[in-house]
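Let the hints inform the model, and build the full structure from the sequences given.
Each chain, written out:
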Amino acid sequence: MSAPKLPETLTAKDYASDQDVRWCPGCGDYAILKGVLKTLADLQVPREKTVFISGIGCAARFPYYVSTYGFHTIHGRAPTIATGAKLANPELDIWVVSGDGDALSIGGNHMLHILRRNPNMQILLFNNQIYGLTKGQYSPTSKVGTRSPSTPRGSVDSPVSAAQFALGANARFVARAIDTDQKHLPETLKRAHTHDGASFVEIFQNCIVYNDGVFSAFTERAHAADTQIHVEHGKPLIFGADRDKGLRLVPGTLDVEVVTIGDNGFTEKDVMFHDETNHWLAALLAAMEPPNFPVAVGVLYCDPATPYEANFPQNTPLGGSVTSNDDLNGMLRSGHTWTV
Amino acid sequence: MNVAPAVPRPQAPREELESVTVRFAGDSGDGMQLTGSQFTLATALAGNDLATFPDFPAEIRAPAGTTYGVSAFQVNFGAREIRTSGDAPDVLVAMNPAALKVNLDDMCTGGLIFVDTGAFTKRNLQKATFDDNPLEDSSLAKFRIMPIDMSAQTLGAVKPYGLSNKEALRCKNMWALGLVYWLYDRDIRPSADWLRQKFAARPELADANIAAMKAGHAFGETAEMPGEISAYTVPPAKIEPGEYRAVTGTEALAWGLVVGAHLADLKLVFCSYPITPASAVLHTLANLRQHGVVTFQAEDEIAAVGAAIGASFAGSIGVTSSSGPGIALKGEAIGLAIATELPLVVINSQRAGPSTGMPTKTEQSDLYQAVYGRNGDSPMSVMAARSPGDCFEVAVEAVRLSTKHMTPVMLLSDGYIANAAEPWRIPDVTGLRRFDRMFHKEIEGFHPFIRHPETLARPWAPPGVPGLEHRIGGLERDYDSGDVSYDPANHQRMTDVRAAKVELIGRDIPPQNVELGSDSGRLAIVGWGSTFGSINRAVENLIDAGLEVAHIHLRHIWPLPPNLHTLLDSYDKVLVPEMNSGQLRTVLRAEYLVPAHGLNKVTGQPFRISEIEEAARRLLED
Ligand SMILES: Cc1ncc(C[n+]2csc(CCOP(=O)(O)OP(=O)(O)O)c2C)c(N)n1
Ligand code: SF4
Numbered sequence: 001m002s003a004p005k006l007p008e009t010l011t012a013k014d015y016a017s018d019q020d021v022r023w024c025p026g027c028g029d030y031a032i033l034k035g036v037l038k039t040l041a042d043l044q045v046p047r048e049k050t051v052f053i054s055g056i057g058c059a060a061r062f063p064y065y066v067s068t069y070g071f072h073t074i075h076g077r078a079p080t081i082a083t084g085a086k087l088a089n090p091e092l093d094i095w096v097v098s099g100d101g102d103a104l105s106i107g108g109n110h111m112l113h114i115l116r117r118n119p120n121m122q123i124l125l126f127n128n129q130i131y132g133l134t135k136g137q138y139s140p141t142s143k144v145g146t147r148s149p150s151t152p153r154g155s156v157d158s159p160v161s162a163a164q165f166a167l168g169a170n171a172r173f174v175a176r177a178i179d180t181d182q183k184h185l186p187e188t189l190k191r192a193h194t195h196d197g198a199s200f201v202e203i204f205q206n207c208i209v210y211n212d213g214v215f216s217a218f219t220e221r222a223h224a225a226d227t228q229i230h231v232e233h234g235k236p237l238i239f240g241a242d243r244d245k246g247l248r249l250v251p252g253t254l255d256v257e258v259v260t261i262g263d264n265g266f267t268e269k270d271v272m273f274h275d276e277t278n279h280w281l282a283a284l285l286a287a288m289e290p291p292n293f294p295v296a297v298g299v300l301y302c303d304p305a306t307p308y309e310a311n312f313p314q315n316t317p318l319g320g321s322v323t324s325n326d327d328l329n330g331m332l333r334s335g336h337t338w339t340v
Numbered sequence: 001m002n003v004a005p006a007v008p009r010p011q012a013p014r015e016e017l018e019s020v021t022v023r024f025a026g027d028s029g030d031g032m033q034l035t036g037s038q039f040t041l042a043t044a045l046a047g048n049d050l051a052t053f054p055d056f057p058a059e060i061r062a063p064a065g066t067t068y069g070v071s072a073f074q075v076n077f078g079a080r081e082i083r084t085s086g087d088a089p090d091v092l093v094a095m096n097p098a099a100l101k102v103n104l105d106d107m108c109t110g111g112l113i114f115v116d117t118g119a120f121t122k123r124n125l126q127k128a129t130f131d132d133n134p135l136e137d138s139s140l141a142k143f144r145i146m147p148i149d150m151s152a153q154t155l156g157a158v159k160p161y162g163l164s165n166k167e168a169l170r171c172k173n174m175w176a177l178g179l180v181y182w183l184y185d186r187d188i189r190p191s192a193d194w195l196r197q198k199f200a201a202r203p204e205l206a207d208a209n210i211a212a213m214k215a216g217h218a219f220g221e222t223a224e225m226p227g228e229i230s231a232y233t234v235p236p237a238k239i240e241p242g243e244y245r246a247v248t249g250t251e252a253l254a255w256g257l258v259v260g261a262h263l264a265d266l267k268l269v270f271c272s273y274p275i276t277p278a279s280a281v282l283h284t285l286a287n288l289r290q291h292g293v294v295t296f297q298a299e300d301e302i303a304a305v306g307a308a309i310g311a312s313f314a315g316s317i318g319v320t321s322s323s324g325p326g327i328a329l330k331g332e333a334i335g336l337a338i339a340t341e342l343p344l345v346v347i348n349s350q351r352a353g354p355s356t357g358m359p360t361k362t363e364q365s366d367l368y369q370a371v372y373g374r375n376g377d378s379p380m381s382v383m384a385a386r387s388p389g390d391c392f393e394v395a396v397e398a399v400r401l402s403t404k405h406m407t408p409v410m411l412l413s414d415g416y417i418a419n420a421a422e423p424w425r426i427p428d429v430t431g432l433r434r435f436d437r438m439f440h441k442e443i444e445g446f447h448p449f450i451r452h453p454e455t456l457a458r459p460w461a462p463p464g465v466p467g468l469e470h471r472i473g474g475l476e477r478d479y480d481s482g483d484v485s486y487d488p489a490n491h492q493r494m495t496d497v498r499a500a501k502v503e504l505i506g507r508d509i510p511p512q513n514v515e516l517g518s519d520s521g522r523l524a525i526v527g528w529g530s531t532f533g534s535i536n537r538a539v540e541n542l543i544d545a546g547l548e549v550a551h552i553h554l555r556h557i558w559p560l561p562p563n564l565h566t567l568l569d570s571y572d573k574v575l576v577p578e579m580n581s582g583q584l585r586t587v588l589r590a591e592y593l594v595p596a597h598g599l600n601k602v603t604g605q606p607f608r609i610s611e612i613e614e615a616a617r618r619l620l621e622d
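Chains as they are written, first to last, in our numbering: chain A, 1 to 340; chain B, 1 to 622.
Everything labelled a hint here was simulated from the structure, so no lab data went into it.
Any given hint might turn out to be false.
[Unchecked claim] Covered stretches of chain B, as calculated for chain A (at least 3 residues, CB under 8 Å):
hint, segment
1, 40-51
2, 236-244
3, 261-271
4, 281-293
5, 417-430
6, 458-467
[Claimed, not checked] Covered stretches of chain B, going by a simulated chain A footprint (3 or more residues, C-beta under 8 Å):
hint, segment
7, 312-325
8, 470-478
[Said to hold, decoys possible] Computed Cβ-Cβ distance ranges for the label pairs, DEER-style:
hint, chain 1, residue 1, chain 2, residue 2, range
9, B, H565, A, T339, 42 to 48 Å
10, A, V340, B, A88, 25 to 31 Å
11, A, A217, B, A489, 47 to 53 Å
12, A, T339, B, T233, 50 to 56 Å
13, B, H565, A, S150, 47 to 53 Å
14, A, N109, B, D428, 42 to 48 Å
15, A, G330, B, E444, 57 to 63 Å
Quick caveat, the model's predicted, so the values are computed rather than measured.
We put the CB at the ideal spot given by N, CA and C, even for glycine.
Rendered as structure tokens:
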């Protein structure tokens, strides 16, 4: 490989690697790849400083398809490797790519800790509510009753909500996006990239082979407008094809309800505004589920705190010992010494 | 008993000894580790060679007075070269009945035992499971017992400082230390200075402790000391000139990593999760941040090794450290580092037993784990440190081999080396050879798995350089392009080249030498790791006795030094003493088909010199 002469402006294509993409035809991962490549181009990120790090799973094949630096590691451990890379070189722009099994089963512990530590990087969780690569077993996000090769009579484990988990882990940026929404996905990813600290993005991804349509209740174009709510900071929490539905705090409670503007005397004034710095609200939004509620997508929570690497003792960018012979001779001679 | 007046009695001339082993033993709250390390320092300053063996209970605060709460610190020192912490103590200081009970069996016949009679209460005797007071029957007849009410002596000595009774009694260990200082003619000043520093915020505690120490010393000098106990002197040892300090294996290891990283001009990123006895390396390095060291306490061992690998990928030298159970968790990630051919240093401070085993006791039973303990054909370089000071050199070498050959290196230490201390000649960092800078720069023809023709190492190209963007991962990759490949012939080729690469390290290391004895003959005793001292002294004794024995000690366990096979073939017999059930022996048998014999011990205690001598003699008689 020789250094290709790059045009001034890189296009999404310039961020794609020369490898054949090998997901099943129709897999939601293609759409996410497209959205990420577009994001990288929109941001014009320097390829040499960008690193994609993943665990194992269909989703985790992602780094092979991006022409930046990349590391396809082991199941569930991408957050640990990303943390180490950041410890070594805080200037790297790191994207962690993970599936729901990868991030929340085997890697649940690491996901918890990377979020609470808050290094500046983007963490993408491709949630398809199933194990793809190992052929369709239920995952920690699968609904109770999911029939799979390992749960022929339906799973009994209660699912974890990725966004609620992230909020509980003290993540300072939690967002949601949908694989096929090519307008909204790059926007959300750009917000994640701008955020200084760990940004957690759950992306609903359709596994066409093992869990086709699991999110169709809110992703189908026909009724998406009524079943999704795109939250935006400072804007009213209104949705619906006719923009006539809103979220209201039930007076005297900490409960949210859906109201129809114009019905029962509800007006726009009754509808809450989205405040992405409000942790309580984020938790309420993250918990909303069909059929009674729309699924909240967009930036549910963003309240920056000092990123992890700001506290590193030595911020040398790339390798390089920062100590001298004299310093080290001093270290070896600290305390009691004697001469023979 | 009254406080002894400091009137010197006419002293018999001090008897000169070549070497002595002293053990301080008491309740874990009695400060025996501090006492021992102060005695170590004073002894080093007096010019003796020495080795120490701290032995502490597994419980953080075991109930006072119980046998499982006994903490001990042994120092072997001499006018000659000291290689072990000593077989059987010549002197025991027992601060309570439990300490006497636990340590009695180790004492040599005729050994001198100081006991604090003040602690020999009915309750303490019961707790130590003595039926009768051993000081009052003949059960201790084969030892020289010196019963002293150290508690009362101490209380008397520190009275002027207005401490509470509890605080005053805490000074007992310094009283005992003072007494032993007298016994071996040690200068108490360094310990007094240390106490002043330690208790800078509470000068009355410093004064009280110093007074107790002086009182113990004075007790020895005065008529209070029975006539049959005389004082000794141990002349300075012949030691190579230079600047010295005492080091534990933990300190030397930590410093070796820092210096190794410096010689490679790399930032050291050290990632670990607490586990006994490995944690101390993390603690030591956490205090060296001013030298550019980054330390990371991870959420578990898997995260620790993952972070170390991530650091190496990003252009630092990633180091991770643990003990056996934690190394077990790191296995999969080490495989990733092997597959992606990244540098990584993995330190295993071995401890006893499968599973959680005996955390505070020593063993060398992770050799199989180090050499074989991963999935797939995953060869890995394995090195072992032999002594506290040796940890420094081994750590530097581990960084060198790992970065030069782009491969993980496992460094085996153990609980004994980690905690033991010895005098160490401090190197001058300026004089150490720097390692070649290894980052790949050439864009033309780059792919992540092109190989260096001599080392077979792949290029190290950390993110940051335009034009070198590349992807690596655990999936098998094509030899010629570095792209993912499941091609059967390619997997064969890649497996072979990974093995060949690690084998090449065998040519980068010094050929195996013979420590003692000649390079052929009747018996070679082959050891590795912390058994060095016991084997070396045993072999010296055997040679002195006219037997044809040699000592070979391995630093490199994988790959084995290429000349080792021929070397072993030139002896009639091979004996492999190990603190395990025969792990190196199996490797040597498997590799060379040599009929190696084993001498194996897994009691959690180091080998005695005599055990090795006996085994060798038995083998020579056959
Ligand atoms: C240590 C280990 N355990 C198990 C596996 C097998 N495995 C590979 S991917 C996977 C699940 C992947 O599911 P998910 O993270 O949801 O990703 P998807 O394939 O659906 O994108 C499992 C169990 C493995 N590679 N390593
Ligand atoms: S199995 Fe599912 S997740 Fe995996 S590539 Fe196929 S469609 Fe995508």
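Unmet hints by their number, sorted upward, for this structure | Hints 12, 15 contradicted; others consistent.
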